[in-house]
Amino acid sequence: MRQKSVLILLVLAVLALFSCRKETVASWDVDITGPVVSSKLNIRHFLTDSLFTTDANGILNLNINREVAYIKVDSLLKLPDTTIVNSFTTPITLTLTPGQSMNLLPPTPLTFSLGDGIALKYAIIRTGNLKIKYSNTVSEPLSFLYILPGVKKYGQPLIISETIPPGNNSLVKTYPLNGYDIDLTAGGAANYNTITQSYTVSLSQTANTVVANPGTGAKIELSYSDIIPQYAKGYFGMQSVPVNIDTARLDIFKNFNAINFQLSDATLDFRIINEFGAEFNGLLSNIKSLNTINQSSITLNTQQLSSININRAFEANNTVNPTIKLISLNKNNSNILPFISNLPDKLTYSGNINLNPLGNTSGFNDFAYYNTGIRVLADINIPMKFMADAFILQTVSPIDFSTLKQLDNVNYGSFIISAKNGYPFDAVLQAYLVNDQNVVIDSLFVPGNNIIVKGITNTQHVVIAPSYQRINMPFDNAKLQNIKKSKSIKLKARLNMPIPQPPEISLKDTYEIDIDIIIDVNYKVKRK
Amino acid sequence: MGKNITYFLEAISKPGFRTFSSPCALNEALFEAYVLEKQRCTKYKGEGKDQKMLLRWFLNLLGILIVLNGKAQYNTEFINYSAMGRGIALNVDYEAGSNAIKNDMMNKLIWGGYISTEMKDASDKKLRTKNNFGINLNYGTTAFIKGNSKFDFVVGFKNQEVLNASFNSDFYRLMFYGNKRFLGDTADISHISVNALRFQEIKFGAIIHHVDSVAKIGCSVSFLKGEQLFYFKTGSNASLYTSADASSIQMTSNFNLAVSDTSNRNLFGFNGIGANADIFFETPYKSKVGKKSVLIVNANNIGFIHWQNKSVQYSSDSVITFKGYQIENILDLKDSTLNKINQDTILQNLVNGRKEKFNINIPTNLVLINKIYFGKMNLVLNTGFRYIFNANYKPYFFAETEYQYKKFKFIGHFGYGGYARLNYGASINYSGKHLFFKLGSNSLQGYITPKTAYGQGLFFSIAKRFK
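As you go down the protein sequences, you meet chains L and B in turn.
Here our numbering is used: the first residue of the first sequence is 1, the next is one more, and so on.
Here our numbering is used: the first residue of the second sequence is 529, the next is one more, and so on.
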């Protein structure tokens, strides 16, 4: 009886514990209002990767630094692939016993033909290969010992020892030359581009005695390929290197566009940095500012870039001290104002570089290190003083609210944009919702109720007090669903200049729009 | 019937009956009501009809109590023992009430559904300075197993769920209407208390059923498994100010909050460990009224739960002004930025949160009942008092009538206090040779007039009786 009771008890206990646990959801609507975000909207935010400074008058200066071109050592100082054939044959009939050396001619130095008047005395190989094809015209295997005394790694010369089977190209091998120092003066016996070599050819110890007829022996074909120097020293010759037309992306004004925009001032400094131990002369031409959005192009007119002489760099303790050539363009020596006012997103350029225009003035002491060269930097300085009808700032930010379940509980409401405008122009805001197909599916601001009125200005159009606005941005559940579907939001601010247009508007460091986003929603609270 | 209630209320509102200092006081109130009725009858109908009048009055009162009132279960197994004896029982005990929230709204809160503005408004009109709200749901199984001639053993399993709150009108409006109606104003959220607790217990004990041959003493101890806890209490300075333009919210955050491990919320979630004890005492005594009187004292859930170290406590006693999440660049307002603005982050930023172990007392239930037997011992008048400690509960006074007819017992209940205001209910017991059955509600008013009444409840027991 008791066992039965306990069993019933347990069954009831399990039933009791596992029953009555259905979740219920009570819901009701509440009106919630309060601040969500406090932030700022500033012209700096739209111009990425740029540095703003403030001048003595408190006016913002936009400083842009871009590398326009970088001509590396490998394009100026290419060591060509070189193939040299050496024959080690007997001029007489020899009966060779195992291990017996062949009576051969003494070795001769190996000279490279580098072209363009290049005369190297010393090099360190970063990467490169020596490929050797071996041939043996004797009927028994030959032992081959090849030594390059001027090619060293960790102080040890390059030694190659192989057994060459009988036959044409009977052995092919590749030897990496990475990290080898090369003395290209043949130990002082030659001035440049030459290395010494020595070799021994003998009948292999495992071979049978054989008779070698005149003209038979070993032949090797040496191929130096893919040589990239880590360092090179000597005379680099007089070279003329064309700089083909190329495009450099500026990407400064990609979020910025303007109507009838005209800067009051701007400068463009080209800094040409020479990391080579050689002198250069050159020119930059056909420099254009391209605005690919407006399809407009302005060619830079100046004489400053037509003949540029660049001194050689110096080396001390394996460190390069580059020389810098500065060429400044301003509104007096160029058409830099319309050039920059075009708001280029790209620059095109071409030119020519002459290496060692005065010849071997260094006495074979030109030098070059790997991954160095001639860098051309453009430093643009734009004081924020301009005329314009309007300009448009635009940015796209990725968003993903698809997992934000709270949005489903919002019945309706609005975002209230409380703005304090310290700029001397009206700002018309719009935010577009963009789906994963990059299609605009909705917008957030109501046209006509999206204007942040300009700050209060004095007669010089300087803001003396900000203006305050509250912009209502209503939404319903349908709009919220569009927000959830969106993958990015495109914020567009059109800044309308005052009418009548003042001669010049200056943007001061202190100007900005304070934005407080306040939410005012009817929200469905769910209690589980 | 309504007239009799009026007389009863008139009687208990007389000086000396405003409070019930003893279990007999409520009985005396009922007797006084009878005297008032008698006086009126004498005035209008003359004397000599005392016996008939007395009988009619009692029948009327019984009718009222049976039809309109109910009997509470009180979340204790020992009280059942007298009626059920040895056996194994499945018990469900549910009660919910508020002295501010009307029953139709309460139903939505408990059982789910949409709470309309009309429902919120109806409760809003009745808000007092201090209001309370509570739900207790207990279900489980208990067995009284034969020990020897003097005592029996008791074992049981039970799930207990508790949700209660004490709140003021501002808190209610903040919760159910939002803060928009407080624009430019301060919502007083001081002295708010919210407790939500869910735990399971295994009970072992014994009842001595022949102390001095007539009295009963029961005692049990339980091992508790804490599953869920939410504890929130504000201090005297807590308030929330919303500026007139909604650009800032200022919170005087004077509160403590404790939450059990939120990642482990299920029946098998072992987030706390504890113990409690139940004590039961029942003894007959002699009184001037009735043929027999019995006093029952029951205290159960005397204990605590030790919440483990994954539980989190937050506390704050400072003034925090929130003017929006600060983002330097509005164009950085993307999902990764907004995702930082979640409840946990805000809570962590606002308050001092820490994971640690702590103890919380569970709501302790105290019940006192005085039973007076009349007639052939088949008519019983119960008066009683109940209080639940640590549960935002108001003292509850009640009266019950029991009428035994063969194997059936009809019980009426009338009470005031607790989570609701006025309660009435009814229940029926069947006590057969092998089966015991009880079904009733201590708060029928919530089912009859949900739009105007407060509180609801249901209890149910079915037992297989042993010898």
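The reader is advised that the hints may include incorrect statements.
According to the in silico footprint, chain B covers these stretches of chain L (three or more CB under 8 Å from chain B) [to be verified]:
{"id": "1", "stretch": "38 to 44"}
{"id": "2", "stretch": "517 to 523"}
Pairs of lysine-lysine residues, derived as DSS-like cross-links and limited to a Cα-Cα distance of at most 27 Å, are as follows [stated by the list, open to error]:
{"id": "3", "chain 1": "L", "residue 1": "Lys524", "chain 2": "B", "residue 2": "Lys653"}
{"id": "4", "chain 1": "B", "residue 1": "Lys653", "chain 2": "L", "residue 2": "Lys405"}
{"id": "5", "chain 1": "L", "residue 1": "Lys331", "chain 2": "L", "residue 2": "Lys405"}
Source of the hints: derived by calculation from the structure; they are not laboratory data.
These figures come from a predicted structure and were not determined experimentally.
Just so it is clear, CB atoms sit at the ideal spot from N, CA and C, and this is done for glycine as well.
Results for each hint:
no.	hint	verdict
1	38 to 44	holds (count 5)
2	517 to 523	holds (count 4)
3	Lys524(L) x Lys653(B)	holds (22 Å)
4	Lys653(B) x Lys405(L)	violated (33 Å)
5	Lys331(L) x Lys405(L)	violated (57 Å)
When the structure is compared with the earlier hints, violations turn up for hints 4, 5 and for no others.
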